Amino acid sequence: MAIKKFVVGSFEDEAVLFRAVKKVRSAGYKLHDVYTPMAIHGLDKAMGLRDTSIPTAGFIYGITGTTTALLGITYTLVWDWPLNIGGKPHFSLPAWIPIMFELTVLFSAVGMTLTFCYLCQMAPFVRKHHFSLRSTDDRFVMVIECTAKTNEEELKSFLSQAGAEEVHTQMAETGWWLGSYSRNRKSFENPNAILA
Amino acid sequence: MSLKERFEITPGFRMWSLGLIGVGVLSLIIGFIVYGTGDAGHQAKFWGVLLHNSIYFLMVTNAVMFFFAATTLAMAGFQISFKRVTEAIAACVPVIGAITFVVMVIIVFGHKTMIYEWLDKTKVAKDAALSGKSGFLSPGFFMTWTIAAIGLWSIIGLKMRKISRQSDDHPLSLEEGKKFVFKNTVWASLFIVWYALTVAAVIPWLWMMSLAAHWYSTLYSWYIFASTFVAGVALISVFVVYMKNKGYLEYTNREHLHDLGKFQFAFSIFWTYLWFAQFMLIWYANISEETIYFKARAEGAYSGIFYLNLVINFLAPILIYMSTPSKRNYTIVTFMSVALLFGHWLDFYQIVFGSILPDQVTMNLFDFGIAAGFVGIIIYQTGRVMSKYPLLARNNPFFKESIIHYT
Chain A
1 MAIKKFVVGS FEDEAVLFRA VKKVRSAGYK LHDVYTPMAI HGLDKAMGLR
51 DTSIPTAGFI YGITGTTTAL LGITYTLVWD WPLNIGGKPH FSLPAWIPIM
101 FELTVLFSAV GMTLTFCYLC QMAPFVRKHH FSLRSTDDRF VMVIECTAKT
151 NEEELKSFLS QAGAEEVHTQ MAETGWWLGS YSRNRKSFEN PNAILA
Chain B
1001 MSLKERFEIT PGFRMWSLGL IGVGVLSLII GFIVYGTGDA GHQAKFWGVL
1051 LHNSIYFLMV TNAVMFFFAA TTLAMAGFQI SFKRVTEAIA ACVPVIGAIT
1101 FVVMVIIVFG HKTMIYEWLD KTKVAKDAAL SGKSGFLSPG FFMTWTIAAI
1151 GLWSIIGLKM RKISRQSDDH PLSLEEGKKF VFKNTVWASL FIVWYALTVA
1201 AVIPWLWMMS LAAHWYSTLY SWYIFASTFV AGVALISVFV VYMKNKGYLE
1251 YTNREHLHDL GKFQFAFSIF WTYLWFAQFM LIWYANISEE TIYFKARAEG
1301 AYSGIFYLNL VINFLAPILI YMSTPSKRNY TIVTFMSVAL LFGHWLDFYQ
1351 IVFGSILPDQ VTMNLFDFGI AAGFVGIIIY QTGRVMSKYP LLARNNPFFK
1401 ESIIHYT
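If you read the protein sequences in the order shown, they are chains A and B. Going by this note's numbering, the letters in the first sequence line up with residues 1 to 196, in that order. Going by this note's numbering, the letters in the second sequence line up with residues 1001 to 1407, in that order.
Think of the hints as simulated: they come from the structure by calculation, not from any bench. Check each hint, because a few of them may be wrong.
Stated by the list, open to error - Subject to a maximum C-alpha distance of 30 Å in a straight line, what follows is the list of computed DSBU-like cross-link-like pairs (lysine-lysine): (1) Lys45/A x Lys1400/B; (2) Lys1295/B x Lys88/A; (3) Lys1388/B x Lys1246/B; (4) Lys45/A x Lys1244/B; (5) Lys1159/B x Lys1178/B; (6) Lys30/A x Lys4/A; (7) Lys1400/B x Lys1388/B; (8) Lys1295/B x Lys23/A; (9) Lys1246/B x Lys1400/B; (10) Lys1262/B x Lys45/A; (11) Lys1183/B x Lys1262/B; (12) Lys22/A x Lys1400/B.
In this text, all values refer to a predicted model and were calculated from it rather than measured experimentally.
Sequences and hints are given; from them, build the entire structure.
Dropping the structure here:
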């Protein structure tokens, strides 16, 4: 992908973070992402992210599972090898509903998990840059991308005024790369990354 | 912002509720003239309609009471902003309970064997299955449980509403707040224990399963509970939307409506699960004494209602309520709530009449007239209670949690 310049601000309190996100957006800075130790309700709306389409994907996977089960059982028990089971009709829908239900759940669960991983670019051996390791512990980290128009010093003081405890600049890879932890460990060697 | 503290009964509201009660009374009189004194078939229709409607509306309002008790016990926050609406609907339990009690007394002591065949002593003596159940299906046992159930639902409900209103006078201190919450949970848990013993066990067996006295199903009571709980939450949603439209409940918004929609959606699925579990086991085992229950329903005269029931109560909620925006839309929630209230009324209809008049569907204006009367009673009583006491439980310790509620 590309290496870009980012200004990273760490916040201690989520209430301050909320106000800061709103200020940054209204000031017109390019918000890259916000990293938090836990899920925060309402932050997605404050950041202006669109609603997730995971439910729609889940519905499509679900009906795919239902159809697969129905067609699979119909093929085996009605068309390919009809058996007389307890005198029931070959096409006996009530007995199949549990299986159709299970495949619906299986398809939608697995499908949604994989879709989620794809959207978040998560997979085994896929590495991404950590802007601040403390975002996995006790800090709320807001990352703003520096464009050609952005005045870096102005942005830094803007973030400090908005309540950020630590503000610093980082050059970072925006995309993912294949690798191991040893390559990722560079972020530990970066003193800013440890402090912030 | 000035808050509307109390519901004001408008002339239109009074006219509609009293009008519906009037329709009910008129239907009762006409129904009695047409059906009440005739042969066994006519009397079965008359008492069946009263039984069906009184049980349904009593159990729906009592499910609202269960919603109130369960959310109190769970220390839920979201429902506090419209808590008083829930309480007002729950205040219908004593009124409709009294009507149900009168209907039960006349059926049992008036010896209406066309409704409950186990009332017929000579028939029971000849029948091995019924005489084996005669300890359970006897007038004494039946009426003891009926009186105890309706009485305790009403008394614990009254007590819980009284406790809830105690916080209205002055803001509570921390200590008072803790005591208040504890007192609420104690009474709520008492109600839930009694509710579990009655609605989730004995009462549906006695009132409804004994209509088909030979037949039994072990998950029957749960099925009835799920049915009434969906309808109960739908009833709360209808009243909340009505109050919002009239400009009351300033702190209730789409987030709260979303939660009510989720309850309706989830318990509709739960209802279907139980419906299907009961149906499939009987269909699969194919034992004649069990399949007799579905003979009139799935294949006989009631098959139309039987499958329509599944469309309204399962297919409609699962498809319409599945997406988030539909649960937050006032129009869709109102439409679905009314549909579910009607759908579960229909479910109860086929449960009651599939057993007492299995040969033909006799649904006519009499059924709808009596139902309108009960709807009128619920509207009138709820409006009266809401106008009497404050609409916002502003000193409840969870009130702020309810205002900032976010789904």
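Query raised in the report: Which of the numbered hints above does this structure break?
Result: 8
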